[in-house]
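Protein sequence lines, in the order shown, are assigned to chains A and B. The first sequence begins at 1 in the working numbering and counts up by one. The second sequence begins at 1001 in the working numbering and counts up by one.
Rather than coming from a laboratory, the hints here were simulated on the basis of the structure. Accuracy of the hints is not assured; some may be wrong.
Said to hold, decoys possible - Chain A regions said to be covered by chain B (calculated; three or more residues, Cβ under 8 Å): (1) 720 to 733; (2) 741 to 750; (3) 785 to 793.
To be verified - Here chain A is said to cover these stretches of chain B; the calculated rule only asks that three of the stretch's residues, wherever they fall, bring their Cβ under 8 Å from a Cβ of chain A: (4) 1047 to 1056; (5) 1072 to 1083; (6) 1097 to 1105.
Glycine residues also receive a C-beta, built at the ideal position from the N, C-alpha and C atoms.
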Amino acid sequence: MSIDVSQFYQTFFEESLEGLDSMEAALLGLDTGAVDLDAIHAIFRAAHSIKGGSATFGFTQMAEFTHVMETLLDEMREGRREVTQEAVNLLLNSVDLLREMIEAAQAGTTVDEAQVGEVQRRLEAMLHGEAAAAAPVEAAPAEDATPPAQAGEPPAAEAPAAETPATDEEGPAPDPAGATTGWRIVFRPYEHLLRTGNDPVRMFRELGFLGETEVTLDDSRLPPFEDMDPEVPYLAWTLVVHTDAPRDRVEAVFEWVEGDCELDIQPLGGADEATSVAADPHGEAAPEETPEATAAEAETAASGETPKAAPEAAAPDEPAAEPAPEAPAAEAHDEPPAPQAASVPEPAPAPAPESTPAAERPAAPAPAAQPAPAPAAQAAPSPAPPSSQPSTQAAPTAKASPTPAKPKPAARPKGDAGSIRVSIDKVDALINMVGELVITQSMLSQIGDDFDAFDLAAFEKLKDGLAQLERNTRELQESVMRIRMLPISFAFSRFPRMVRDLSQKLNKKIELRLSGESTELDKTVMEKIGDPLVHLVRNSVDHGIEPPEERLAAGKPETGVVHLNAYHQGGNIVIEIEDDGRGLDRDKILAKAVERGLVQPEEAAQLPDERVFDLIFEPGFSTAEQVSDVSGRGVGMDVVKRNIRELGGTIEIASRPGEGTTLTIRLPLTLAILDGQLVQVGGETYILPLVSIVESLQVDPNHLNQVAGQAEVYQVRDEFVPVVRLHQVFGLTPRSERLEDGLLVIVEGDGQRAGLFVDDLLGQQQVVIKSLECNYKPVQGISGATILGDGTVALILDVAGLIRLAKAPGLRTPREAAA
Amino acid sequence: MSMNTALEMGENPQPGEGEAQYLTFLMDGEEYGVDILRVQEIRGWDSVTAIPNSPPYLKGVINLRGSVVPIVDLRLRFGLPPLEYGPTTVVIILRVEHDRGERVMGIVVDAVSDVHNLPAEGMKPPPDFGGAVDLDFIAGLALVDERMIVVLDIDRLLNSGELAPEGDAP
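Extracted from the complex, chain A is given alone in its bound form (with noise of 0.2 Å):
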């Protein structure tokens, strides 16, 4: 039974991407220096299985890279190290590199060499910035050609015991503890093993890449044929690896199970007894895993020897294949706790310990009390209570494991446009509203097939199921577009690590509020929201802030503030950006406007402020010569203001001079739905989305004026607006010419308004938005289409569009005039 491995690989980047993110959180959550030993364990525990996970998948640098990065961790953790900002930022740096290293993978490549090797020296040179002689050791693993101390210090132990992450068949590092010529390892797994995901061939499969095994099978625990579960691993193996590799090349090869198994690794003859000793100085603990350990020897070593030199060939397969197809009890998932209920809590003190963390804290000044706290934290469950342990691990491995197997990425999935993760909530109660409307919709049915229409109590049963079917109708569809919701937090998540990195580089002092994250949107709205919410907040802390001289001197705290908040109206998100900064100088803006001729000199000086501030969103308004003289980077105001209004949304800025300045970002929720009035022209139905109208109004013919014979503009209040036949734009004969006899909507599109001829006003309702392009191509005029309740296809009129359109050459429409 072979696996392909490369089916889990997604779902390791996912979730190796989610616990750098929570790395990055908890490192930004360190700063201070005050040491919060759940963060350190938190940011250790995401290393620990990136590491993990990368060596599994042969992914050797990244895991050589974390190898080294979970070992100054883990000296934190202990509480050896001190937590600095230095080391803070290097472990940034680190999990940014990580990242690329990720995505680098996914994209099937490998990060440049020298960079991760950079990186790789910094935080070595940090690990054994206290006990230098050791630096040359510990570089070892990463491939230098220093020469090798000698090991006189304790710490310069470390370097060699601390475990070699590669489990893929690169050679051994130089290493003086590897200097034995193999190992005994009894393996015994606990019946929850292979329920955890892990398939001993596979592990067999890795020592055989050590060197030449022997395998001496102990098939004791066997129970009769009629008890047998066809999950539990009965089998219990000898193993004798013939090899110069170290001990912790060993352990790596059963790191995933530890704690899942009995396991006892000792050397082949004596000497290397000596070496082991004096690779760890502190001798405490190789004594604490003998025990037990000889045990166990003692227990397997007498049941039998046969060598066999193929691992993989016979024994680890027969527990997984061999027992099933006979074992009719096979789905009688009830533990059968007799043969190793005795074993497990045995070895309960101590089989965690004894494998990786051996290797993880080498240097650990006190290894009989350190021990204990950290493996419970970073191995699963402890097993000391036997009934619990393997219905805990099992299930959440059962749970994850068939969902990465369904999609089978056999190709390599391009960045993460295929998948989300979504909560097991939404999807319930997605389940849930399906059964209501099939029972409603059998109902329905069955009042149907027994319908008469001159029954007025079956006619008003009827009715019911009608309104209760379209009440089941729309909360399915609101739980389906739920689904596609993630809350905020996914996109202000990289404003904290930004803000800090910014201010730092500004010499700013800035702190950064956020609010309103569990405010859930859309994926896709989320996805392209991102890059103009980091502009944003890098020109509030870029332009927007004041350095903390300016900032005293104006009488403000040092201290600037950029706060960002969400929040939902509406079928609307908004999403502010306020910073209590210099706010923009309205004749700044002013000049630069005149100077490029957007701006007349003799209407500056009435123009009202928001309008001035809309001109930073003009195109070539540029940033960098704007407000401030930092340097702006990336892309302008006008593109942001062009994806918002992509999005459908709009923004808008208020600002005050010394007090700072609020950008307001209003989006839809969902770019599947719309929020539309069904208009009507010549005999055809639009929609016009709700948020492009300002107000509809009968005309009166007294505010209605021509401009050069031709152009009409409409008076509505102390505004012109021109007059937009939608009928003329279309080629449609409208119900009447006369603008008295139907109806002007004010929409806005794009910055400018228009008055949009229309015969009548329908309902307005919700809808789907189809595209158009898919089948046909784009449309001008048109954003796309949707159907109607009575299966008809509407289209979505564009408002942009439509007055661009108006104003091309070779319609007969007014200009527009002056506002």
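Given the structure of chain A, go ahead and fit chain B onto it with the hints provided.
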């Protein structure tokens, strides 16, 4: 009507070696064929939603189980005299391939005729006749029972001119 209907109309539904099956339809007395593997379904004519500022032969779009599918009147596309839509007027829904993917489009024809197995070597290149149909859209001519069938290259036909995907509109 579904694809099954079309298949049942053929006397010989299993194409032999080197043969391909074609769905044929009638238009202005002529018989045209399209590769049956491209036929998604056959529907009766139903009203459409017009697309503003589109060529006359694009009748509009319909809702095909949730997707918006454009419908092309093939008579108008070929410049044949229009025919009032009647009970036999059908819409053949086709999968049309282009460089960037696949589109689903419908063509309005007078009536569906038959399903024929045509050997590849039986297909003749079209002569340079001054017919209504642009030669570009013809994959070849085939003779079946002394009748000529014009086999269309629907990819060229339905991706040409104003039907080209991602046209000049923004």
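Hints, one by one, checked against the model:
Counting residues of the stretch 720 to 733 of chain A whose CB lies closer than 8 Å to any CB of chain B gives 4, which reaches the minimum of 3, so the coverage claim holds. Counting residues of the stretch 741 to 750 of chain A whose CB lies closer than 8 Å to any CB of chain B gives 0, so the stated coverage by that chain is violated, three being the minimum. For the stretch 785 to 793 of chain A, the stated coverage by chain B holds: 5 residues have a C-beta nearer than 8 Å to a C-beta of that chain, and at least 3 were required. For the stretch 1047 to 1056 of chain B, the stated coverage by chain A is satisfied: 8 residues place a CB nearer than 8 Å to a CB of that chain, which reaches the threshold of 3.
Coverage of the stretch 1072 to 1083 of chain B by chain A is violated in this model, with 0 residues showing a Cβ closer than 8 Å to a Cβ of that chain against a need of three. Counting residues of the stretch 1097 to 1105 of chain B whose CB lies closer than 8 Å to any CB of chain A gives 3, so the stated coverage by that chain holds, three being the minimum.
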